[in-house]
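As they're listed, the protein sequences go chains B and S.
If you're matching positions, the first sequence starts at 1 in our numbering and goes up one per residue.
If you're matching positions, the second sequence starts at 1001 in our numbering and goes up one per residue.
Derived from the structure by calculation, the hints contain no laboratory data.
Check each hint, because a few of them may be wrong.
Computed from the model, here is a short list of chain B residues facing chain S with C-beta under 8 Å [claimed, not checked]:
no. : residue
1   : Gly185
2   : Glu215
3   : Pro217
4   : Leu221
The C-beta atom is built at its ideal place from N, Cα and C for all residues, glycine as well.
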Amino acid sequence: MTAASPFSGGRRLQHSLAHELEQAAEFEQLNGRSATPVEVDAAVEFRKVRTEVDGVPVLDQLSIRIAAGKLTAVVGSTGATKGALIDQMLGGLQPLEGEVIVLGQSTRDIDTDEQRLVALRRRVGVVVRGRDAGLFSSWSIYDNVALLMRNELGLGEDEIAQRAHEVLDQVGLTDVADRLPESIGFGHRKRGGLARALVGDPELVILDELESGIERPLARLLAELVMHLHEHRGGTFLSFTQDLEAARTTADEIILINRGRYVASGSPARLAASANPHVRALVAADFAAAAALE
Amino acid sequence: MIALLFFAGIVIFFLLLGGLTSGSGADLLDWDPGGRAERRAGLDHADLEEMLELNNRYRREHGQPELSEEDLQSGGNLQSLRGADPPVDPYS
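Isolated chain S (complex conformation) (with noise of 0.2 Å):
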């Protein structure tokens, strides 16, 4: 009788953690047999790549120096968009 009420008391324990959890049982187990994080990174990947070249064609039409994923992920060649009107900084 024990046992059994401790297996529930298990049982219980587990079914309260599963809905106290967000997300999927495969997220938590970081499971993934399809590759769906594999593919949502190539997505990913792909989108990055295309808005680069997408942005890199307006810059080009309107004379602005072009974007590299480097500058993107290091948050250079990112000021002053809007030309004429940099931004001051105030601690200088």
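Here chain B stands alone, though its shape is the one from the complex (with noise of 0.2 Å):
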């Protein structure tokens, strides 16, 4: 008998989290903004940003900024509105209107300048989304952790060795580091593409929904181990979640976003006393609650 799949009720808690994100964009519209984005020094700031993919709007006049130096997570982007948040800060798509600014860089102004847009895209560590966090299943966790470093920071193999070991015991995964992915757990390759994305050392890492494919146990601790990362290195750390339990339990800020349009954002507790209750029973993530206000 084994345990039951989480990925029923994770479909359950994402129709629910729709629902109610459509409920607090709603009720923002109707009362105003309950919640306004807080100044801060921003590691990126999407300004009034409207983009389309294939002629269907995905971001409509969305205005938001991670604050530098934060572990911010972003719920309710799904599907095409991640994807163009993430194209956009790596500069691989154009707004059609606003301005995506990126460490101090509009995006626009090195559109055309490659090596401006290489150097870029150095400084920012990427774990994307799937069971295999991207790893090449021929590769050891170590190669696959050393080809940045051997493929473009073209380092020494001491260094390359040095740092590679430093950023397994991060994430533990000392014992593993000669196995090929497909002999390890989903956990552990998760892991595997946290160090990948470390091991350049970037002033902001990005983490596509971390947990997904993963058993909710093990996803949880790998949000609470992207928590302790972010203390111990520092830096901006942008997080794409559905896990509005893991955001409010480890983000230091939190950003709904419903439709590619702003709902609200802010810390958890800051959130949590919202004067949108759709917004309230989100970062509670109480949905039995949020059906009662129906």
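Put the two chains together into one complex, using the hints given.
Below you can see the structure in the form of structure tokens.
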């Protein structure tokens, strides 16, 4: 007898999350902003960004600021919206209107300058979505982690080994460094993806739904590990997630987005005291209470 | 002739059923002669234990209470990891 799959419950939660975000956005439209963006020193800023992908609007006059040096969770930006946010931060997609500023540089200014674009991307580490976290299956965890340093930073093998082992220790993968991804668990692979994103010592780390494809308890531990790594290393961490409970317990700031539009943002405590009852219910991840509001 | 058509119909029905079903045929029949599911469960459990130990290493460094497997299943001991900013219960 195996444990119940977390995914059936996960789908229900996702549906509740989407529904409640919709309600929260509606409340904001009717009652004005109850939790306006806090003025922060931003590592990333979207200024009134409007974006379409294949003619479909995905970001609608979106203005958000990702605080420098903080761990920020962005909740509600699924699919195309999230893809557009990440692509625009990495300079792979330009907005139709507005501006995206990453680590002090407007992506519009460096759009045509390949060298500056590459230089910007080196300051950003990304953990991609999926059970394998984008690891190359025929390479060991160590080689996956060393890839960036060998190919782009041009470091010597001694320095590569030192930096790789340091980051592998931080994510607890020293003992499985020589193994292939398929011979280890999905949680290990996610940590391998984390190690690969962190090894270049980036100023900004983007985490794309780290909880996807793994059991809930493991996802919780992974979210907590990210928080510890953030405290340990510093820098700006930006986590796209659907797990509000993990966001509430581990993030410094939460940004709620619905259908490409800003809904609310602030620290978990600030959002928990929001005038918008749907925002409060969302941050408490209490969907039973949310249903009672209707 | 009718028997042949009937037989072909059954074959087509199962082919369509197979095509519309996600996962492999082995998954559908719950057939796992190689013990893949057992290995997977073993890896997942090892994963969980290692992650707990790793997180508790960081928790000890920060003077936070350690987490047990029971805490994780029940959701206890997960609150307020950010310390001085506990979430407010809006319904209290």
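Here is how each hint holds up against the structure:
Because the beta carbon of Gly185(B) sits about 4 Å from the nearest beta carbon in chain S, less than 8 Å, this interface hint is met. The interface hint given for Glu215(B) is met, as the beta carbon of that residue sits about 7 Å from the closest beta carbon of chain S, less than 8 Å. Taken as an interface hint, Pro217(B) checks out: its beta carbon lies about 5 Å from the nearest beta carbon of chain S, inside 8 Å. Evaluation of the Leu221(B) hint against chain S yields a held restraint, the C-beta minimum of about 4 Å falling below 8 Å.
In summary, this structure violates none of the numbered hints.
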